[in-house]
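S.K.: Chain by chain, the residues:
There are 2 protein chains.
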Amino acid sequence: MTNAITELKAKGKAAKEASRRLAYLSTDIKNKALQNIAADLRGKTKEIIAVNKLDLKQASANGINETMQDRLLMNEARLEDIAKDVLVMAGLPDPVGEVFDMRTMPNDLLIGKKRVPLGVIGAMYESRPNVTIDISALCLKSGNAVILRGGKEAFNSNLALVKLVQQAISRAGVPEGAVQFVENTDRSLVGEMLKLNQYIDLMIPRGGAPFVKYVIENAAMPVVAGGIGVCHTFVDSSADMEKAVAIVYNAKVQKPSVCNALDTILVHQVVAEEYLPDVAKELAKAGVELHCDKAAMKILKPESGLKLKAAVQEDWGKEFLSLTAAIKVVDSLDDALAHIAKYGSGHSEAIITEDYSSGMRFLNEVDAACVYINASTRFTDGSQFGLGAEVGISTQKFHARGPLGLKELTSYKWIIFGSGQVRP
Amino acid sequence: MTNAITELKAKGKAAKEASRRLAYLSTDIKNKALQNIAADLRGKTKEIIAVNKLDLKQASANGINETMQDRLLMNEARLEDIAKDVLVMAGLPDPVGEVFDMRTMPNDLLIGKKRVPLGVIGAMYESRPNVTIDISALCLKSGNAVILRGGKEAFNSNLALVKLVQQAISRAGVPEGAVQFVENTDRSLVGEMLKLNQYIDLMIPRGGAPFVKYVIENAAMPVVAGGIGVCHTFVDSSADMEKAVAIVYNAKVQKPSVCNALDTILVHQVVAEEYLPDVAKELAKAGVELHCDKAAMKILKPESGLKLKAAVQEDWGKEFLSLTAAIKVVDSLDDALAHIAKYGSGHSEAIITEDYSSGMRFLNEVDAACVYINASTRFTDGSQFGLGAEVGISTQKFHARGPLGLKELTSYKWIIFGSGQVRP
Chain A
2 MTNAITELKA KGKAAKEASR RLAYLSTDIK NKALQNIAAD LRGKTKEIIA
52 VNKLDLKQAS ANGINETMQD RLLMNEARLE DIAKDVLVMA GLPDPVGEVF
102 DMRTMPNDLL IGKKRVPLGV IGAMYESRPN VTIDISALCL KSGNAVILRG
152 GKEAFNSNLA LVKLVQQAIS RAGVPEGAVQ FVENTDRSLV GEMLKLNQYI
202 DLMIPRGGAP FVKYVIENAA MPVVAGGIGV CHTFVDSSAD MEKAVAIVYN
252 AKVQKPSVCN ALDTILVHQV VAEEYLPDVA KELAKAGVEL HCDKAAMKIL
302 KPESGLKLKA AVQEDWGKEF LSLTAAIKVV DSLDDALAHI AKYGSGHSEA
352 IITEDYSSGM RFLNEVDAAC VYINASTRFT DGSQFGLGAE VGISTQKFHA
402 RGPLGLKELT SYKWIIFGSG QVRP
Chain B
2 MTNAITELKA KGKAAKEASR RLAYLSTDIK NKALQNIAAD LRGKTKEIIA
52 VNKLDLKQAS ANGINETMQD RLLMNEARLE DIAKDVLVMA GLPDPVGEVF
102 DMRTMPNDLL IGKKRVPLGV IGAMYESRPN VTIDISALCL KSGNAVILRG
152 GKEAFNSNLA LVKLVQQAIS RAGVPEGAVQ FVENTDRSLV GEMLKLNQYI
202 DLMIPRGGAP FVKYVIENAA MPVVAGGIGV CHTFVDSSAD MEKAVAIVYN
252 AKVQKPSVCN ALDTILVHQV VAEEYLPDVA KELAKAGVEL HCDKAAMKIL
302 KPESGLKLKA AVQEDWGKEF LSLTAAIKVV DSLDDALAHI AKYGSGHSEA
352 IITEDYSSGM RFLNEVDAAC VYINASTRFT DGSQFGLGAE VGISTQKFHA
402 RGPLGLKELT SYKWIIFGSG QVRP
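Protein chains in written order, with the numbering used here: chain A, 2 to 425; chain B, 2 to 425.
A hint or two may mislead.
For identical chains, the list gives no copy identity; a pair is met inside one copy or between any two copies.
Unchecked claim - Derived DSBU-like pairs (lysine-lysine); straight-line CA-CA distance at most 35 Å:
#1 K299 with K114
#2 K14 with K196
#3 K256 with K17
#4 K295 with K244
#5 K256 with K114
#6 K343 with K14
#7 K256 with K164
#8 K10 with K343
#9 K244 with K115
#10 K302 with K343
#11 K47 with K33
#12 K17 with K295
#13 K47 with K85
#14 K58 with K343
#15 K308 with K214
#16 K343 with K33
#17 K45 with K310
#18 K282 with K196
#19 K33 with K308
#20 K47 with K214
#21 K153 with K244
#22 K282 with K164
#23 K286 with K299
#24 K308 with K295
#25 K54 with K214
#26 K299 with K282
#27 K286 with K302
#28 K256 with K115
#29 K114 with K17
These aren't lab readings, by the way, just hints derived from the structure by calculation.
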């Protein structure tokens, strides 16, 4: 373990040193490095798949379930998709070097801000080996060095991919040390990595809620976390019923396993009798199970084709990640706002309304990363918002909120052009 | 202690609740509250001074040194200054509610960002009771609730000021709970407060370096810290000698006790013989003590009027906060950059040069909150940079860097105006 810690620190130091040069590396070199990565992914498909088979075999031997095994899998189509994503990133504008807020002060000092990388990003993640390429490419494009720590189950795949990346970027002239990989997969090393605020400027944890919580509470450096989405859609008394059915259906059904999918439907009592049977009928077509509060149950009744359950306390504030939704009838907009304030996770919340004031109140008063009027919460996504690549979705308010793109992996420095000014 | 923790959590909860309403409180109400605070400071000067005397008496009885006692002192002039500062804040633009990056997507979703407060700010500070008013006013104007935890030595003054603030803002219609004060000054409560990420969105520690370090490493919430400034000024081979003397003099002498004051002078060898005697002579007029490396000592020699000492290793990277400066002769711009990368604290760094390329390289390659060409580092300051009020100066890269004004106490939410869009 002592050796592993020493090695970890050495990697931290090397990444920090590399980050100094990366900070002002030209966009051309960074794009060339990304193009090399894509080319090598295409050129070494067979080798990667062969190495990936080792992890899959191990997973199967360890009795890991099929969903997890599928996450591990790399085949030709998936590698081609990853290569394409890397090329897309090469085509995105470079956030680094942007100069903004520039102005001349009364004493003729010309001052403003210049966008710079954060420095060194730490990334801890599980299973999916494509994250190794994703995060490496995002960090590279945004001028950051990165220290990757992938899960044990994808060790061989990750190692092969990291080597591919390191060779590809080196050919483009990116400094060695820009992409580091922690080979020791011992769990206790997580705690050690979280102490390294001397070398790591930002930690990105990817994994289940308890893991992310552990990282937030124990990291000595800033953490960007999120991805937990308890998303409500409130159908107001003035809602257009057709839109309300279509939007709720989309938010719940289009991809139920992700964080921006709908969890709870709140319905204004005035329209509950009209709305609930329609939406329930529609949701039933996709096999959605509905956990109803008393009022909703009274309206819907256990009729044929509807999967209904009485809602329990745990259903409120629950991220279902599946074809299940909770339904609650509320007395007013105020009740809906109070419910969201209490049970929401600050991710994505929507109101369906034709009433101007209700819409504006919802927009102003709901405290979440993304607040919608008359649209599906499924839009909360870097590419849907026009950011291109995405590191994740932050439910924190500090630094950046919502979908995190390349710009969100940067900071700025103040630059001051003087001509001999001194402070009076 | 259990009671104190329970009380602390209750205050956290109350602040969080107040923050929901504060988030969309109109600018008029916030400004009225600030005006009330200023009026009450003026109307209750005598009462405050009387309470402050209790703290001063206690300090004197405890044998606290005069500098510390002076920090505690509140007299008519100081209270008037504080009142004026609060009124200045009332006059600053409200950062909350700004809508930016608004655009229509190809699917006609209108999306953008709206600036919102962070929520609840925690502030831990020592001695100076004026911080109680400063931070309360900054948080109020930026729509944040605040939980204040002042030092034991200023307890009576802080308590009186908090009560004044609470009454003043309540008259303006600001929700109760917006300004909370932790009355228990037990040291162990600091640790408890650092755990409250459920209620506190950002922690601002103000105090000595070890305290700030402790907070950074132990806080479960984000921390804005800084204020440690090891500032270099590099006199390049092409520097205008007159400017170089004036700027270094200003950076060291104008206010040596603050974080943006000069600590180390780096001089290019080519101009060392010309520059050093001139600058040393000037600095001697203010009684500055110079800690010289071998080369600088050889040039300056212990001559009359100069306070010289041989520099020791600890002088590099030291924040002197007094009329002392270290001097080092370097071989090149590269040497200067390497020295700054090794010993700088990422606060404020300057180059004095007439060479375009040297200036641009310095600007690009130095990793600090504020990088200067041909100006004094003493300008690193919220009001000098045109931000108005300032919470502090951050040497971190996350969220905000350099002087932190009202805007830096905010976040944003994505707002999305739809007309029935669903994700394909």
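S.K.: Confirm or reject each hint.
M.R.: Now for the hints, and whether the structure bears them out:
| no. | hint | verdict |
| --- | --- | --- |
| 1 | K299 with K114 | neither (59 Å within a copy, 40 Å between copies) |
| 2 | K14 with K196 | both (13 Å within a copy, 30 Å between copies) |
| 3 | K256 with K17 | between (39 Å within a copy, 33 Å between copies) |
| 4 | K295 with K244 | within (25 Å within a copy, 78 Å between copies) |
| 5 | K256 with K114 | between (40 Å within a copy, 25 Å between copies) |
| 6 | K343 with K14 | between (43 Å within a copy, 12 Å between copies) |
| 7 | K256 with K164 | within (34 Å within a copy, 52 Å between copies) |
| 8 | K10 with K343 | between (42 Å within a copy, 17 Å between copies) |
| 9 | K244 with K115 | between (44 Å within a copy, 25 Å between copies) |
| 10 | K302 with K343 | within (28 Å within a copy, 71 Å between copies) |
| 11 | K47 with K33 | within (23 Å within a copy, 70 Å between copies) |
| 12 | K17 with K295 | between (58 Å within a copy, 31 Å between copies) |
| 13 | K47 with K85 | within (17 Å within a copy, 72 Å between copies) |
| 14 | K58 with K343 | neither (45 Å within a copy, 47 Å between copies) |
| 15 | K308 with K214 | within (33 Å within a copy, 55 Å between copies) |
| 16 | K343 with K33 | between (48 Å within a copy, 30 Å between copies) |
| 17 | K45 with K310 | neither (51 Å within a copy, 62 Å between copies) |
| 18 | K282 with K196 | neither (52 Å within a copy, 46 Å between copies) |
| 19 | K33 with K308 | neither (54 Å within a copy, 55 Å between copies) |
| 20 | K47 with K214 | neither (38 Å within a copy, 49 Å between copies) |
| 21 | K153 with K244 | neither (46 Å within a copy, 59 Å between copies) |
| 22 | K282 with K164 | neither (52 Å within a copy, 58 Å between copies) |
| 23 | K286 with K299 | within (21 Å within a copy, 88 Å between copies) |
| 24 | K308 with K295 | within (15 Å within a copy, 84 Å between copies) |
| 25 | K54 with K214 | within (32 Å within a copy, 46 Å between copies) |
| 26 | K299 with K282 | within (15 Å within a copy, 90 Å between copies) |
| 27 | K286 with K302 | within (17 Å within a copy, 91 Å between copies) |
| 28 | K256 with K115 | between (39 Å within a copy, 28 Å between copies) |
| 29 | K114 with K17 | both (23 Å within a copy, 33 Å between copies) |
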